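S.K.: Quick note, the sequences are listed as chains F and A, same order.
The first sequence begins at 37 in the numbering used here and counts up one residue at a time.
The second sequence begins at 37 in the numbering used here and counts up one residue at a time.
In short, the hints are calculated from the structure, not lab data.
Nothing false has been slipped in among the hints.
One copy or any two copies: either way a pair holds, since identical chains are not told apart in the list.
Simulated crosslink set (SDA-like; lysine to any residue; CA at most 20 Å straight-line): (1) K122 <-> L91; (2) K284 <-> P194; (3) K250 <-> G185; (4) K232 <-> I192; (5) K250 <-> Q199; (6) K173 <-> E110; (7) K250 <-> T204; (8) K152 <-> A106; (9) K232 <-> A219; (10) K232 <-> L195; (11) K232 <-> D220; (12) K40 <-> I70; (13) K250 <-> N201; (14) K173 <-> D157; (15) K173 <-> D233; (16) K311 <-> N323; (17) K232 <-> P267; (18) K232 <-> G171; (19) K250 <-> P203; (20) K250 <-> Q337; (21) K250 <-> A202; (22) K232 <-> I268.
Keep in mind the model is a prediction, meaning the values are calculated, not measured.
There are 2 protein chains.
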Amino acid sequence: MNNKKIVVHAPATVANMVCGFDILGFAVNDPYDIMSISFSDHAGITIINEDEYNLPTNPEKNVAGAALLALMEEAPEVKGFELRIKKQIKPGSGVGSSAASSAGAVVAANALLNNKFSKEDLVRFAMNGEKLASGVKHADNIAPCIYGGVTLIRSIFPLDIVQLNAPTLYVTIVHPQIEVRTADARSILKQQIQLKDAIKQWGNIAGLVAGLQKEDYDLIGRSLEDVLIEPIRSILIPGFDLVKQKSKEAAALGGGISGSGPSIFMLSKSESTAKEVEQVMHEVFENIGLAHHTYVTTINQHGVKIIS
Amino acid sequence: MNNKKIVVHAPATVANMVCGFDILGFAVNDPYDIMSISFSDHAGITIINEDEYNLPTNPEKNVAGAALLALMEEAPEVKGFELRIKKQIKPGSGVGSSAASSAGAVVAANALLNNKFSKEDLVRFAMNGEKLASGVKHADNIAPCIYGGVTLIRSIFPLDIVQLNAPTLYVTIVHPQIEVRTADARSILKQQIQLKDAIKQWGNIAGLVAGLQKEDYDLIGRSLEDVLIEPIRSILIPGFDLVKQKSKEAAALGGGISGSGPSIFMLSKSESTAKEVEQVMHEVFENIGLAHHTYVTTINQHGVKIIS
Chain F
37 MNNKKIVVHA PATVANMVCG FDILGFAVND PYDIMSISFS DHAGITIINE
87 DEYNLPTNPE KNVAGAALLA LMEEAPEVKG FELRIKKQIK PGSGVGSSAA
137 SSAGAVVAAN ALLNNKFSKE DLVRFAMNGE KLASGVKHAD NIAPCIYGGV
187 TLIRSIFPLD IVQLNAPTLY VTIVHPQIEV RTADARSILK QQIQLKDAIK
237 QWGNIAGLVA GLQKEDYDLI GRSLEDVLIE PIRSILIPGF DLVKQKSKEA
287 AALGGGISGS GPSIFMLSKS ESTAKEVEQV MHEVFENIGL AHHTYVTTIN
337 QHGVKIIS
Chain A
37 MNNKKIVVHA PATVANMVCG FDILGFAVND PYDIMSISFS DHAGITIINE
87 DEYNLPTNPE KNVAGAALLA LMEEAPEVKG FELRIKKQIK PGSGVGSSAA
137 SSAGAVVAAN ALLNNKFSKE DLVRFAMNGE KLASGVKHAD NIAPCIYGGV
187 TLIRSIFPLD IVQLNAPTLY VTIVHPQIEV RTADARSILK QQIQLKDAIK
237 QWGNIAGLVA GLQKEDYDLI GRSLEDVLIE PIRSILIPGF DLVKQKSKEA
287 AALGGGISGS GPSIFMLSKS ESTAKEVEQV MHEVFENIGL AHHTYVTTIN
337 QHGVKIIS
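This is chain F alone, in the form it adopts within the complex (with noise of 0.2 Å):
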């Protein structure tokens, strides 16, 4: 057997990135899951975890599990695999804390298989370990922690990933500590919408990804806003508007929802803006007594990293 062992950091990842529900996402430097991965004589899947989640070990109960066995069968030549995973992106706080499990555990796997699999194939493992996180599977997390920078997921089915271009920006995130289920913050969504409000969405996402692609900071921070799903799931999380508003004060570019929340995201374009937008974040949550962890990074721009 081979004695092969691969560690690697998978990003925390913001999706949906305001206006564009479901399509975009993008990874951050911080924070990261640590996770280590080789060849085992067992067969099957062996998981131990190195952190204080208690997340399943069972490999189809849990999302690193369920991604590698769906790699697995396209990997015959695979007995078994002993995976260690240290969690620090916390599960439940909107992150991207499955997919960073999912997509790091896949990307692993293929580095001990030589590179056998493209980045495509990994995101189609890994959306397995989405599907038993929310029952839906989704790459807008995915994408981005393999991808790396900020990715456009166009279609599902058929997969078509476009990776976007990331100028550097300053990401500020906050996590209040209570819990949004995924299932209900998407539950509380209204299926149908109105045709004038989606076209005001397109325009955005539109000016969104020419921002982007030209490095139009004001440009990207008018095409923030989001007219569709914010004013729905924003009432789920205390202090949102109050954030919202005073990090714009503060100068930041704008932001939101970070997935389906509790986290909240705000983008600057420097550093002292984005830890000024931290500042803000710690007195709303403060003044409402509610318990919160910060992070001011930067936007990812390779993914699931490879250390050793």
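Keeping the supplied structure of chain F fixed, place chain A upon it in accordance with the hints.
M.R.: For chain A alone, coordinates are given in the frame of chain F:
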């Protein structure tokens, strides 16, 4: 009085660009209207038609007149204009005939006024012509007519026009000689749509904008899909599905209804493909027995052009 006379060519335009309903449009080099303007001693606007279309000469009922009236409100130094219009873009063909008149008039007037106004001002004035023509202030023909290339109207109120990159593209247009009233084409649309269809649409819009910026022709082709408007409006255009299918078989990147129809446009990477597409269009409409005109042209990069 200043005896200067300005002559302009005002290009036809294709609004919507398949998935970009109400937000995208591009200008083409052929056909175009020829217009000339000079100051007049007579108060108000004198319109002289030099074509066979018998359009109204009362400036309040003429789209170019309505646009000039809006301009004159902000140029009180002007006593009167004399405007001569030789339309070559057939009214009602769906390639921005009214927009060419409105945009051509205000660009020409602005040249007489030593460029007193910004392009954005000119769009604002010209939209009054669109309001007269269709009942709604929209800019998806006006903006590309004035700016050239491919334009995004991110927002109408406030007006936010973004010039997109326009890679070399050949455009084949067929105008079947049937009447589709813009008001009818608008009234048959559903005002409520499914969120899941909207997500598909904005994935395509994001893909199209990214494809244009990156000059990725395959991505442009994959993104030229409209799941919301085309399935409804295309019913008004006999032969539509066959033109689309056969054009793609002839290697067109894709295309669809120009504006609200009845013209159909197809984009191609090479001139030879664009000419094959023209042949396909001829065959389809000859088989149906429907009179039609075709154009093989390219994207117009400069908008309304001042000739002398």
